[in-house]
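Enquirer: Each chain, letter by letter, is given below.
Number of protein chains: 2
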Amino acid sequence: MQFSFVLPSTIRYGSGVVKELNQIIDQLGAKKIMFICDKGIIDAGIYTRVKALLADDKTCVVFSDIEANPKDYNVQNGAAFARDNDVDLIVALGGGSPIDAAKAIAVVAKQGGEVRDYTKRAIGPDCLPIIAIPTTAGTGSEVTFSSVITDTKENFKFTVKSPAIAAKVALVDPELTYSLPASITAATGIDALTHAIEGYTATCTEPIAEALGLYAVEYIGKYIERAVKDGNDVEARDGMMMGSLLAGLSFSHADVAGVHCMAEALGSMYDRPHGLCNSIILPHLMRENLPYCTAKYARVARALGIEESDPEKAALLGIEKIQSISANIGLPAFKALAIDPKDFRKLAEMSEKNGSNPSNPKPMTADDYEALFYKIDAL
Amino acid sequence: MQFSFVLPSTIRYGSGVVKELNQIIDQLGAKKIMFICDKGIIDAGIYTRVKALLADDKTCVVFSDIEANPKDYNVQNGAAFARDNDVDLIVALGGGSPIDAAKAIAVVAKQGGEVRDYTKRAIGPDCLPIIAIPTTAGTGSEVTFSSVITDTKENFKFTVKSPAIAAKVALVDPELTYSLPASITAATGIDALTHAIEGYTATCTEPIAEALGLYAVEYIGKYIERAVKDGNDVEARDGMMMGSLLAGLSFSHADVAGVHCMAEALGSMYDRPHGLCNSIILPHLMRENLPYCTAKYARVARALGIEESDPEKAALLGIEKIQSISANIGLPAFKALAIDPKDFRKLAEMSEKNGSNPSNPKPMTADDYEALFYKIDAL
Chain P
1 MQFSFVLPST IRYGSGVVKE LNQIIDQLGA KKIMFICDKG IIDAGIYTRV KALLADDKTC
61 VVFSDIEANP KDYNVQNGAA FARDNDVDLI VALGGGSPID AAKAIAVVAK QGGEVRDYTK
121 RAIGPDCLPI IAIPTTAGTG SEVTFSSVIT DTKENFKFTV KSPAIAAKVA LVDPELTYSL
181 PASITAATGI DALTHAIEGY TATCTEPIAE ALGLYAVEYI GKYIERAVKD GNDVEARDGM
241 MMGSLLAGLS FSHADVAGVH CMAEALGSMY DRPHGLCNSI ILPHLMRENL PYCTAKYARV
301 ARALGIEESD PEKAALLGIE KIQSISANIG LPAFKALAID PKDFRKLAEM SEKNGSNPSN
361 PKPMTADDYE ALFYKIDAL
Chain R
1 MQFSFVLPST IRYGSGVVKE LNQIIDQLGA KKIMFICDKG IIDAGIYTRV KALLADDKTC
61 VVFSDIEANP KDYNVQNGAA FARDNDVDLI VALGGGSPID AAKAIAVVAK QGGEVRDYTK
121 RAIGPDCLPI IAIPTTAGTG SEVTFSSVIT DTKENFKFTV KSPAIAAKVA LVDPELTYSL
181 PASITAATGI DALTHAIEGY TATCTEPIAE ALGLYAVEYI GKYIERAVKD GNDVEARDGM
241 MMGSLLAGLS FSHADVAGVH CMAEALGSMY DRPHGLCNSI ILPHLMRENL PYCTAKYARV
301 ARALGIEESD PEKAALLGIE KIQSISANIG LPAFKALAID PKDFRKLAEM SEKNGSNPSN
361 PKPMTADDYE ALFYKIDAL
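These protein sequence lines are chains P and R, in that order. The first sequence begins at 1 in UniProt numbering and counts up by one. The second sequence begins at 1 in UniProt numbering and counts up by one.
If you're looking for bench data, these hints aren't it; they were derived computationally from the structure. Owing to the predicted nature of the structure, the values given are computational and were not obtained by experimental measurement. Take these hints with a grain of salt, some might be off.
Since the list gives no way to pick out one identical chain from another, each pair is judged satisfied if it fits inside one copy or across any two copies.
[As the list claims (entries may be wrong)] List of simulated lysine-lysine pairs, BS3-like, C-alpha gap at most 27 Å:
| # | residue 1 | residue 2 |
| --- | --- | --- |
| 1 | Lys313 | Lys71 |
| 2 | Lys120 | Lys110 |
| 3 | Lys335 | Lys229 |
| 4 | Lys321 | Lys296 |
| 5 | Lys120 | Lys229 |
| 6 | Lys58 | Lys39 |
| 7 | Lys222 | Lys313 |
| 8 | Lys222 | Lys296 |
Working from the sequences, and respecting the hints, build out all of it.
Expert: Structure representation (structure tokens):
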């Protein structure tokens, strides 16, 4: 085995650390700040609250035209906005969409062209520096080097990936999640669990990513039900934020896998929330993978608190536990996504073509994905 | 809990990766290379082998006057040598001593003065870049930001610590350990286990360090006996190198604790090999700590393959397992270090004063350390 491990982001973690924002901006020597967020962050008052932390020597502009499953034109508009306002630092504030979009904006603002081209084009070091502040415990995007963007002409998601676009500082403050509604806590939480499990089991994973992914499973398993049940359970919110961070560190150094292949296809064609798609699909794809990574799924089960020495039994109990957690926290069934079965073939083909498909423990063909779409639609 | 996590080193891991050295030097834009190693590395032919990997456009000088428990004058001489030869990059090749010394030389060569002063003096960013190539599976120094140096006037060890002195690249190639003799494999291997356990249990630890430390315990537990028994067991050598790396990542982001406090005192006064001191002391200090971190020691035991659901019993079985491993791989008893009991008081006082003493799970006074020295001397 050979692998490389690099962490371009300095992580600052803990309740209240967002208050260090002004000081961190000073350390980075920036004066003209561009906040990137979405309407939800504005409406929830989080942007106002965070902006108020900045000293008077900074000027701020805000770009909030970021949609869920961020679109290529969101990036182009954001990059033009950054250039027009001559900003020297981005504060990305929100869930995965604003943070992913910020990474793409950071490179396009400085290196020009169309964001779509950066899947092939070399990414130079000259990107706007980013401070990423997650407001959900799910994305992990604050520590990954990738940005998943939707091509709106051809309706598919593509990934821009480079350590150069990673956040300089990930400012991870669980307090920002205290006001998240239960449904978003649930979907983003199982999204983080998906990152953890896929990072741990991806065919291309390595031991550092495995260690972090497996530990993330423990945190999420321990705290997700509590965090959904009582949003003011400070320990649970803290544990979920930690689980999401560990999971982000894991999959960014390994890969995601089949769950993301299916979820990104759904996100591209139907614009459904990414975390929700992942969280609905996770246990079903795990059943497909079971014979291909029994020992690892048994470890996942143990991390979820299951004491069973037979690996096959343990692995299955683990999957059942994830399904029972999902039911307990109110995640809907696949039907709720309202996907027309006539699109299953196309969605399956998109899933197979996804760059992360080879990372899935079971080698999945379009036929396999199609059969799985039908199967979970019939449940 | 609040913490920061930064990893200044890019890790490149795997069998054969040392062959990428020339390319990595080119990426760092260096031409005049200073190798830092010790006599053992020269005698084993490792320096010649690694130097041969460099292309003709580089010039090399070598500084091999690094002693075990590297001395302050080793650092001053090395820094003068670096300046005299106007080098622009250090390749640190060896166990913990050359790599620790290299980190101190990197700062003194550029920022001047006495190395001792950098325990108090601010360390600026201007340090010679280092590529660290470990030749033992034990030190973890290739990914830590600290350098432990012996003050030869006052006979104590001090630590210079800053992300600025960390290696830019850690080139971690298990093949370089294939020729290590069994006794060094044994002592450095339990040294790595010490890093893993202290990183996991330090009072100041955090979840990223915990995840990495605990996973390191698994690797080391699984492979140490095989690696000592058969140095050509490639899988075991690989596993030990991975365990050492994971352990280094863990303790550099948490801390070491009581074992190191005692071992560094022994190294200061008696110049005994650091890894050997750690490995002899480890299980004895764990018995002291047991009531203070039972749950975590139970996890350590599980990582060592022990299936026992009662935490207290499991923790004890884990300590016994470490003692049985140590015996199996031929580690000597404390008596072999030939320490005069009249020095136990002084050694105990030095242990208490060590900066890592507050990180030990059990709050240890000089009296506690003294009693422990007597206890393990009587075994």
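Enquirer: Work down the list of hints and note, for each, if the structure agrees.
Expert: Quick rundown of the hints versus the structure:
no., hint, verdict
1, Lys313 <-> Lys71, "neither (43 Å within a copy, 56 Å between copies)"
2, Lys120 <-> Lys110, "within (17 Å within a copy, 40 Å between copies)"
3, Lys335 <-> Lys229, "within (24 Å within a copy, 58 Å between copies)"
4, Lys321 <-> Lys296, "both (15 Å within a copy, 25 Å between copies)"
5, Lys120 <-> Lys229, "neither (44 Å within a copy, 49 Å between copies)"
6, Lys58 <-> Lys39, "within (23 Å within a copy, 55 Å between copies)"
7, Lys222 <-> Lys313, "both (21 Å within a copy, 24 Å between copies)"
8, Lys222 <-> Lys296, "both (19 Å within a copy, 17 Å between copies)"
Checked against the numbered hints listed earlier, the structure breaks hints 1 and 5; every other hint is satisfied.
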